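Numbering (the working numbering), first residue to last: 901 to 1315.
Read the hints as simulated data drawn from the structure, not as lab findings.
These numbers come from a predicted model, not from an experiment.
Accuracy of the hints is not assured; some may be wrong.
[What the hints assert, rightly or not] Keeping only pairs whose Cα atoms sit at most 25 Å apart, straight-line, the calculated PhoX-like set for lysine-lysine is:
(1) Lys1058 / Lys1090
(2) Lys1281 / Lys1010
(3) Lys1222 / Lys916
(4) Lys1176 / Lys1210
(5) Lys1222 / Lys1308
(6) Lys1239 / Lys1222
(7) Lys1021 / Lys1010
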Amino acid sequence: MNTERRNAMDLLETLKKRGFVEQMTDEAGLIEHLAKGPSSVYIGFDPTADSLHCGSMVPLMALAHLQRAGHRVLPLVGGATGLIGDPSGKTELRKLLSAEQIKKNIEGLKEQIGRFISFEKQDAKIVNNADWFAGRSYIEFLRDVGRHFSVNRMLANKTYKDRFEGENGLNFIEFNYQLFQAFDFMHLYKEEGCRIQMGGNDQWGNICAGVDLIRRVLGKDDAFAVTFPLITTSSGAKMGKTADGAIWLDAARTSPHDFFQYWRNVPDTDVDRFLKLFTFLELSEIADLTKDGGQALNAAKEKLAFEVTKIVHGEAEANKAKSGARGEVSAMPTVTVNKSDFDGDGQGILNVFSKIAEMAKSNGDVRRAIQGGGLYVNDEKVTDPKGSLTLADFNDDGDCFLRFGKKKKKRLKLA
RNA sequence: GGGUAGAUACCGAAGCGGUCAAACGGGGCAGACUGUAAAUCUGCUGGCUCAGCCUUCGGAGGUUCGAAUCCUCCUCUGCCCA
């Protein structure tokens, strides 16, 4: 067996062992193909918001692994398809976004994708399907692409079938989505030499449609599909979603501190899986971290949180978040306040927690916390919702420590 | 275009003239127990200047002392027919 072939197999094995692979077409053929030298891979990202959330980290990490293995990666932002909305895995019609909004979202996405893969070399390039759909006529598209699709077969496809039979219906615009995605793949096959498309398992039908289209139109059988498993937490919740919303990669939406905490608080049963998927640590090192189980997993969780935060927000922020999580004063999330605001009668305790420190949604939220006995100022339990915070509550360094529940802590610092 | 069913808080879902800030379940938050885990138990879960007040039941009007509940119109969605 030659080296190239071994490398190709190793790469696939690694991806499998790390939990990236749910399904793939023609594994033998794919190894064969990868062994021939650097290939190109594409994964689509929907520009439905101006930031990605951590559910998108699976595809991003997959691209990063492939790039590190020497392959060319093509993150595709769906400037055109975003205008339609993929029905896959959705139970209802997605709301349509304006072209302007999508353009703005794409800018945000580009920056974030860059944290996972490097654009410095020629082996990565962001592509936007709006570039090749923009000038295309409907008639031409129907004739060249549409005729290769059997409606019968599409309806049998789970993605469409569920919607077709479900309560919310499926409208024509969404029904076209698969054709667009298939066309994307074919276009990138021709123009960028892209041979592999990866995506979430809900994309399986769409990706295979592309593989099919390439075979029918171009007569080529060296296009491959690989899908990732749908990542859920062990409690079944979709990855990266909390009641407050998603965990975003954008620091303005989810602070590095909160981001770190999300990973730090992952359930025991998810640590091993997440370390493999969301960090670049060697598998042997991961095995080491998790082998003792039980309480020892806390160290693994901290490592997980640190590594993931480092990838997304950089090492400095990761270090800071780690120190903050350990309770070190200097790294605690801090709100700077004016001394004059706390003169005399000071500020009402409700106001301090809800408005100034933004640790609670409303004053009512703070009241409830007080009632439940979970609100602290300088580690002293607050019992009176009418109480207030004055200069006397700040120590010599001008610090005052607020705590909401066990985990939410902030420091107020006098300016 | 015709018919029909529906639109309730974060989600699902009761309520069908006053006792409704709205049952119940999920989720979430807090407390106890713990390991910043899980499981379990308890409390909370619209807003506020909080024993009181204000705004919510798709939207706009109307009936009534009183409407999430009745009437009219509108918007959206499902289903059936054309």
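Results for each hint:
no.: 1; hint: Lys1058 / Lys1090; verdict: 29 Å, violated
no.: 2; hint: Lys1281 / Lys1010; verdict: 46 Å, violated
no.: 3; hint: Lys1222 / Lys916; verdict: 30 Å, violated
no.: 4; hint: Lys1176 / Lys1210; verdict: 15 Å, holds
no.: 5; hint: Lys1222 / Lys1308; verdict: 14 Å, holds
no.: 6; hint: Lys1239 / Lys1222; verdict: 29 Å, violated
no.: 7; hint: Lys1021 / Lys1010; verdict: 16 Å, holds
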